[in-house]
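Q: Sequence:
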Amino acid sequence: VHDDPAAATINTWTEWIIPLQAFADQGVDMANVDSVAIGLGTRGNMTTPDGSGKMYFDDVRLYRTRNLP
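Per this note's numbering, the very first residue in the sequence shown carries number 2; after that it's consecutive.
No lab work stands behind these hints: they were computed from the structure.
Each hint can be trusted.
Simulated restraints on C-beta separations: (1) Ser53 x Gly28: 29 to 37 Å; (2) Asn12 x Ala32: 33 to 41 Å; (3) Leu21 x Ser53: 29 to 37 Å; (4) Ile19 x Gly52: 17 to 25 Å; (5) Arg65 x Thr10: 28 to 36 Å.
Fair warning: this is a prediction, and the values are worked out from it, not measured in the lab.
Just so you know, even glycine gets a beta-carbon here, dropped at the ideal spot from N, CA and C.
Go ahead and model the full structure; you've got the sequences and the hints to work with.
A: Structure, rendered in C-alpha cells:
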C-alpha cells in the first residue's frame with residue numbers, strides 16, 4: 002500500500018521502493034513467496050470499477066538485503 006492515496010494519479014515517472022522487510026514485519030514468510038501481484042483500486046473493494054487511463058510498470062525486481070562494508 003502506498004503512503005499517498007493519490008499515488009495512481011501522479012503523471013510523471015516515480016520510483017517506488019518497497020523494502021521486503023515491510024512484508025516480513027506483517028508476518029509474511031519471505032521464503033514461501035513464489036509470486037508477486039500489482040493491483041490498483043480500493044483495498045477490500047476490488048469489484049467496483051473506477052478511473053481510466055494507463056499505468057506503466059518497469060524494472061520490477063526483488064533484492065536480498067545487502068550489508069555494505
